[in-house]
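Undergrad: The hints should help you fit chain B onto chain A, whose structure is shown.
So the protein sequences, as listed, match chains A and B.
Sequential numbering of the first sequence, starting at 0, is according to numbering that gives the first Met the number 0.
Sequential numbering of the second sequence, starting at 0, is according to numbering that gives the first Met the number 0.
In case anyone wonders, no lab produced these hints; they're calculated from the structure.
Incorrect hints may appear among the rest.
Stated by the list, open to error - With the Cβ distance kept under 8 Å, some of the chain A side facing chain B (calculated, not the full set):
| no. | residue |
| --- | --- |
| 1 | D44 |
| 2 | G137 |
| 3 | S141 |
| 4 | G143 |
| 5 | G191 |
| 6 | S193 |
| 7 | A195 |
| 8 | V196 |
Heads up, the beta-carbon is just placed ideally off N, CA and C, and yes, glycines get one too.
The primary structure of each chain is shown beneath.
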Amino acid sequence: MTAAARASPWPKSRTRWLDRLPRDARVFQIVFLAALLTTGVLLRDFSVQPLQIVLTFAAGLATQAFWLERLGLQRKGVLSAIVTCCGLSLLLRSDTLWVHPLIATVAMSSKFVLRVRGKHVYNPANLGVIAAITMLPGTWVSPGQWGSDLALAVWLIALGSIVTGRAQRLDIGWIFLGAYLGIVALRVLLLGQSWAVWWHQLGSGALLLFAFFMISDPMTIPNRPGARIAYAIAVALGAAAWQYVLFKPNALIWALFLLTPAVPLLDRVWPGKRFAWRRSTRRPRACDAWRTLSRAAAADRAAPDRNAKASWSTLRDPPSSP
Amino acid sequence: MPSLAARRTGAAASFALVAALAAASPSVGAFCGFYVGKADAKLFNEASQVILARDGDRTVISMRNDFRGELTDFALVVPVPVVLQESQIHIGDPKIFERIDAYSAPRLAEYFDPNPCEVRKMAREMPMPATAGAALAQKARRDQALGVTIEARYTIGEYDIAILSARESTGLETWLRENRYRLPAGASRALQPYVRQGLKFFVAKVNLAEQAKTGFAYLRPLQFAFDYERFTLPVRLGMLNANGPQDLVVYALTRNGRVETTNYRTVRVPADVELPTYVRGEFPAVYKALFETQSKREDYRVVWTEYFWDMAWCDPCAADPLSPDELRRAGVFWLDGDVSPAGAPASEKPRAGGAQPVLLTRLHLRYTRDTLPEDLMFQETRDRQNFQARYVLRHPWQGDTAACAEAKPYLDEVAARQEREAQTLVRLTGWDPAKVKTRMSMHPATTPKWWERLWR
Chain A
0 MTAAARASPW PKSRTRWLDR LPRDARVFQI VFLAALLTTG VLLRDFSVQP LQIVLTFAAG
60 LATQAFWLER LGLQRKGVLS AIVTCCGLSL LLRSDTLWVH PLIATVAMSS KFVLRVRGKH
120 VYNPANLGVI AAITMLPGTW VSPGQWGSDL ALAVWLIALG SIVTGRAQRL DIGWIFLGAY
180 LGIVALRVLL LGQSWAVWWH QLGSGALLLF AFFMISDPMT IPNRPGARIA YAIAVALGAA
240 AWQYVLFKPN ALIWALFLLT PAVPLLDRVW PGKRFAWRRS TRRPRACDAW RTLSRAAAAD
300 RAAPDRNAKA SWSTLRDPPS SP
Chain B
0 MPSLAARRTG AAASFALVAA LAAASPSVGA FCGFYVGKAD AKLFNEASQV ILARDGDRTV
60 ISMRNDFRGE LTDFALVVPV PVVLQESQIH IGDPKIFERI DAYSAPRLAE YFDPNPCEVR
120 KMAREMPMPA TAGAALAQKA RRDQALGVTI EARYTIGEYD IAILSAREST GLETWLRENR
180 YRLPAGASRA LQPYVRQGLK FFVAKVNLAE QAKTGFAYLR PLQFAFDYER FTLPVRLGML
240 NANGPQDLVV YALTRNGRVE TTNYRTVRVP ADVELPTYVR GEFPAVYKAL FETQSKREDY
300 RVVWTEYFWD MAWCDPCAAD PLSPDELRRA GVFWLDGDVS PAGAPASEKP RAGGAQPVLL
360 TRLHLRYTRD TLPEDLMFQE TRDRQNFQAR YVLRHPWQGD TAACAEAKPY LDEVAARQER
420 EAQTLVRLTG WDPAKVKTRM SMHPATTPKW WERLWR
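Same shape as in the complex, but just chain A:
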């Protein structure tokens, strides 16, 4: 039993149970996204063909392997590639078979090509979806496809991820969600709409998936906690403006895409320690996600290297490969 586990607020037996779970949060992401995809295809009339999913994965994983080989990097990052392929399969719709593999290739390649100071810039799934809907014929995104029961499932998983302490840098997801739902609440109040409108947004599967599986991608968000909070709020404001001022669809993915270039800038102006997917070291604890919020303000007043220590769960520099 590690020192961290001894300090754990959980009873001993529970800590042991938690210890047996895989430590890499991406394993949970994959299990969840795969379950969502299966449910969607089998039960919810997601208009994605199984062959499109297979081709997405084949192209995505092959691209990952190609770049690792070419750049002579360690053979890792498969989990991230799978997460991206799951994301593309969940989001992207096409009436042809070639779009998914092409976009998977573009998305995975972006991780190796579009880099600033050793960190990839765009969330690959986000970049892939935007590339597809702007440049390729016969592609689209169906933001209304989820329905409220799937949204409930996402809520459960998101809350569950806090309990199991695997919500690495999920803080940004919560802050984004808080900010976005706050803006929606304000709009409801200003327009005198029924609160059912707010609840309807709360039950939007697309919003939740975005919050917990796209904007929360730890590799493409600012390193410093304070910068992350500012970034999450900026994306929420951008998305609300896109939807309620410009009245355009797909507000979330557009807002993220347009604001992503600000991340390298924030990292430069406001440096902090970079994130690495953990496989061992101290286990993130249940209270960590909450603690981040309160610490963030304090951390930002302090020197950058101290901030990094005050930050949670991400204390090691990453290996060179993505």
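TA: Leaving out everything else, chain B in the frame of chain A:
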């Protein structure tokens, strides 16, 4: 449906279940089956019908007024983005709704099994094709006190129309009541979000003298043309009148792709299944039950796609495709000779055979006050995969096992198939399985004995 006070008094379920055998438009060439029935929007007595023609920000909304009460009771309130000029308002042709409805309604197609004894010969001869809504001044002061401004007044066709802007929803409600618009309770609360968004209000009553001149016994559809960045339909106002679930059929005419809702699930209605042949004469009842059952199963939170097809072609066509003139009357503004919003001539890509760059999406939803908290928001996807709600009847070959060696396996397969058809009908409509089976003249299931399989 955007109508606020369109009361349907006396609108007793006057819909007729049209056994549309006569409406069948058999097109034999490339298609083996025949359309024998359709389940059109008349089937759903409270169904509001709206045609939305949209390209870029340009929008034409056509609303069918299926009002059947006293004409003095008719009142329509529709939130609109701008003060509409007289030339932006038009009286439509109700026949267009009928045409577009008949063209896109769910339908039944039937096939006849070939004689199994001649199947090899048939296969050689005929390759099977693929299946396929001083007093005047005083009055002005009163309006001002209520915060209501009459931006414009027109009499168009049988309608007296006013375009209003309002500062407060309560003032608007008072104005409407004082001007003899019958409003249901809770109107101001429902109007408030629209007032606060700065929308204008298109309000219409029937001008009885003008109506008499038209010579029609019914009210004709109203059409509005405007530019609006939002692709939306204000349905919330219509719910004030709602007693229980309401039906809305939206025919979306676009240039590039299928239309779906962005804030609700859009799902294809279960289709392309084989149904027992006995439903041939009662397909409207089948589709009605199917739609009710499926909508209820989804808790009235789903928008169903019943049809999506490029109007350039159909195979087979259940009704004749709409002519360019009919499409124009339905609100399509980008046909040959028209100019697209980008400024380029719409006809830059002329299509073969005078075909039209128009895609028709038919959306049908059943909703209640609680299940549709937000107005419908749409998007035009770039999906061009055609879909139609089509149900298939396969008539078995009439013969007996003694006819030839192939007859028995064929008839066994027919029995299994009929069992599947019964299960499908029960699953889709929620009907009593026992009754379904009684109605079916099922071939006796002759499960083959084990030795029969051995010595085939």
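Undergrad: If a hint holds in the structure, say so; if it does not, say that too.
TA: Hint check:
For D44 (chain A), the interface hint holds, since its Cβ comes within 8 Å of a Cβ in chain B; the closest pair sits about 5 Å apart. At a threshold of 8 Å, the smallest CB-CB gap from G137 (chain A) to chain B is about 5 Å, leaving the interface hint in force. A cut of 8 Å between beta carbons decides the hint on S141 (chain A): the least distance to chain B is about 6 Å, and the hint holds. Of the supplied interface hints, the one on G143 (chain A) holds, with its beta-carbon coming within about 5 Å of a beta-carbon of chain B, less than 8 Å.
Against a cut-off of 8 Å between C-beta atoms, the interface hint on G191 (chain A) holds, since the closest Cβ of chain B lies about 4 Å away. A distance limit of 8 Å between C-beta atoms decides the matter here; for S193 (chain A) the minimum to chain B is near 6 Å, and the interface restraint holds. Checking A195 (chain A) against chain B: minimum C-beta separation of about 3 Å stays under 8 Å; hint holds. For V196 (chain A), the suggested interface contact is upheld, since its CB lies about 5 Å from the closest CB of chain B, less than 8 Å.
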